[in-house]
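Using the sequences and the accompanying hints, generate a full structural model.
First to last, the protein sequences are chains D and A. According to our numbering, the first sequence holds residues 1 to 470 in order. According to our numbering, the second sequence holds residues 1 to 463 in order.
Calculated directly from the structure, the hints in this document are not laboratory data. Just so you know, even glycine gets a beta-carbon here, dropped at the ideal spot from N, CA and C. It cannot be assumed that every hint is accurate.
[Said to hold, decoys possible] Cβ-to-Cβ under 10 Å is the rule here; a few derived chain D residues that face chain A: (1) 56; (2) 60; (3) 134.
[Said to hold, decoys possible] Straight-line C-alpha distance at most 20 Å; calculated SDA-like pairs for lysine to any residue: (4) D:262 - D:344; (5) A:261 - D:40; (6) A:261 - D:344; (7) A:261 - D:42; (8) D:262 - D:276; (9) A:429 - D:46; (10) A:261 - A:243; (11) A:261 - A:205; (12) A:429 - A:332; (13) A:261 - D:59; (14) A:261 - D:41; (15) A:206 - A:195; (16) A:429 - A:177; (17) A:206 - A:68.
[Said to hold, decoys possible] Stretch-level coverage of chain A by chain D, calculated; a stretch enters the list once three of its residues show a Cβ under 8 Å from a Cβ in chain D: (18) 43-57; (19) 377-385; (20) 413-419.
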Amino acid sequence: MSTHVELRPGAYADSVTLLQVSRTVQGLPGVAAAQVAMATPLNVDVLTEMGFAVPAEATPNDMVVALRLDDAGALAGALAGVEQALRDANRRESGPTATAPPRTTGSGLRRSAGSPGHDAIAVVSVPGANAFVEAMDAVDAGRDVMVFSDNVPLEQEIALKRAAAERGVLVMGPDCGTAVVGGLGLGFANAVSPGPVGIVAASGTGCQQLLALLDHAGVGVTSALGVGGRDLSAEVRGLATREALRRLDEDPAVELIVLVSKPPADDVAAEIEEYAGTLSTPVEHALLGAGRPDLTAAAESVLRRLGRDVPAWPVTGSASPGSGVIRGLFVGGTLESEAQLIAAAHVSGAEAGHTFVDFGDDAYTTGRAHPMIDPTLRLEHIARAAADPATGVLLLDVVLGHGAEPDPASRLAPAISGIDKPVVITVVGTDADPQGRDRQVRALADAGAEVHLSNAGATRRALELVGGTR
Amino acid sequence: MTTPTTVVNVGADLLADAVAEQAVSVTRVDWRPPMVGTEAHLATVAADPRRRTANERALAAMLDVTSTLVDVVPASEVLGLQRGEFLHAGPPITWERASGPMRGALMGAAAFEGLVDDPEDAVALFESGANVTLEPCHHRSAVGPMAGITTPSMWVWVLEDQASGRRTYCTLNEGLGKVLRYGAYAPDVIERLHWLADVLGPLLQKAVRAAGPVDVTGILTQMLQMGDEAHNRNRAGTLMTLRDLAPAMVTSGFDTADVAKAMTFIGGNDHFFLNLAMPACKLALDAARGIDGSTMVVAMARNGTDFGIQVAGTGDEWFTGPSQQVDGLYFGDYGPDDANPDIGDSAITETAGIGGFAMATAPAIVRFVGGSVPDALNTTRRMHEITLGENPRWSVPVLEFQGTPTGIDVTKVCRTGILPQINTGMAGKRAGVGQVGAGLVTPPAEIFPQALARLADLAHPPQ
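Given below as structure tokens:
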């Protein structure tokens, strides 16, 4: 056992560095104990307690290197280790300097607030139990928010929308799948040109059908604001609908506002009607339900009101008549219920035995992506329905737009090409959509399907094919 | 409606991709589930209609405070302390549950006050509990580093918010190593306490009264741009204080040898300013106390056994959990087995947005855990995730003069799981040992859900 103590006048490193150096040197072979420190009174005490004799002339400006070695032969290696450790401590490799992402919506909004002329909006799609807290960050920051999440408790939706109303913030949702805000598509939105129509919609795919039909007719939409399916209920009382109407009314580009929803609770309908009456922009109500005009009829009414021609809605390909019932297998909830309503209006649904399924329903999406993103489940059901002798015609929808499956026909076309039964498909979208409507339509028609733009038209055609026409 | 320039996306990346494809910038939030069991309480508190404005008020009240040093006096004169009354760091504690350094400091202080001749005799005194009481510093507008023991004969700094006249107090810093606040009670420790009370205190009193109020908030502003974070590094602040007081000390009429010794003592004690930084932080934070509906933390404090927090919207209630072990470097032959869990009121600095929260401005500190300069920058950035705002006065040059992250929000801690980062010294766990190292530590995670649950109990329903 030998000790080595040396003073290094004029050498300096801060105490933290030196503690680290000491620790490194202690780990070297042959080193029993090591302390590299500035010779402050405190450190001299520590060194003395460790059994080192520090020269009396040491001052706080001197560095002390004190080593206890298992054998004197280890000295050179230990001193080299001290040099290396001091060098390393003073020239550390820098880690990645990229800034970590924000962890809350509020933090994200705060960071984006730094950019000049900024106009931020939040899109929330966390699990329903957590969505309210994130969305409240946006309301706190005075920023509009789209809540894509579903399963948000009703009382939280009400609290969120009341707080938002106080601050003039627009809440789109919860369970809002589609929105176009000043031309920017959010969620599963279609790419449309700007134009004179503004939409307020309590239904995602209903809104998309309207966008697609108007786009085909050459009428653009500047903003389509989703409000969530419960907004016009007796509990929520149209809080978001009012704000959305107000925003569209303020927009000089909007000449006509279309309100798309299921029929609201009676007194809520009256309140919204009254509010709409105070606006300077006319409001066209497109209320969906039994005995009411379908989405296509609503689009036609909008066109007439704008003084535009109503085009023939395009149909590509031609299906042959079939015998049996309609099997409607949908990814769009509003499209599914519209088809069901139209079929029910023709003959009694129970008598006819037609079936309609919405694969976007919660029952099918638990633990699984939405069918607009992952078609696997519906493809299985299509194969099963095709093999069922009772099936007379398959009625399907394909919904295009941002966020949706990049090329739905690439899997659907092969799946239907071998089917010997008539297949009628509504392709909801525009040619500007990332998937390209024309390309999708052609691929599906080539596979033998009859492809419509109007879901109502497709449904009536399916009824005709199975002989349901009166 | 205008086209948004930025979308802040929280949740499915697919939705962010769809926006990016339309050539609009996207900020992607790295969302994770909140701390276990907090979902319902987070929603309840988020829906409290008072919350947003209460937090705005709490933050503004805190940021409005400026601290000036106005006096130095014996604690008995301003804290209402009687013989046998001991103030300590952290939430309330009993002798039975007190840690080694807390006991050691109490024993030393009992000897200093003349309650016993030998510190060892104080054990029986505290065990009996007769004629001695323990109370948190925080309950008397005071703060104390490490054990934080404050007794009637100790001299204290008096800091004042001149707008409101409110005051806070803290003892004079004893220096490093074997000192009372780290639990040491050897004769030289007690002797130094007597010197602080007999010489340094009166000298500083005369100097402060002659020099006029010292702008402590202003010194903090400057030292944060000079490599200090005002918890584990107080070098620039100490020297600026000495600069402000030295002329009045020299002309005080005190014995020149005493003046010289006092100046050497202050100049040689890098942590001298800590005992001014702490009451300045408390003075600011106390302005936010009692604001109903606010989720802002107004105190974080440790007694060596428990770590406690108090929140603006929950009155004087402490939410406590076990003090954690400090991760850091050790002096001499000491190692993890020698260290006591986290102790001291000094986490008031982090509560006010400096200390660990200002790590970016004092990168040397991060080496206590073998970190790098980017780690220091990232620590400060990470603290912005759990705070309500920034302090425009206290800015960090290397982060483009961004203000320090200020006003810890209980809900944000529960949402992100990010715990406040505290820089601290380490006390030996045996009474009498003193300081054994320094490093980094966090509060026990469970105290934030506790505080959140109470906030949820007190929340008003949405209108």
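Each hint tested on the structure:
| no. | hint | verdict |
| --- | --- | --- |
| 1 | 56 | violated (18 Å) |
| 2 | 60 | holds (8 Å) |
| 3 | 134 | holds (5 Å) |
| 4 | D:262 - D:344 | holds (17 Å) |
| 5 | A:261 - D:40 | holds (17 Å) |
| 6 | A:261 - D:344 | violated (99 Å) |
| 7 | A:261 - D:42 | holds (17 Å) |
| 8 | D:262 - D:276 | holds (17 Å) |
| 9 | A:429 - D:46 | holds (18 Å) |
| 10 | A:261 - A:243 | holds (15 Å) |
| 11 | A:261 - A:205 | holds (16 Å) |
| 12 | A:429 - A:332 | holds (15 Å) |
| 13 | A:261 - D:59 | holds (17 Å) |
| 14 | A:261 - D:41 | holds (15 Å) |
| 15 | A:206 - A:195 | holds (16 Å) |
| 16 | A:429 - A:177 | holds (14 Å) |
| 17 | A:206 - A:68 | holds (16 Å) |
| 18 | 43-57 | holds (count 5) |
| 19 | 377-385 | holds (count 6) |
| 20 | 413-419 | holds (count 3) |
Violation of the numbered hints given earlier is confined to hints 1 and 6; the remaining hints are satisfied by the structure.
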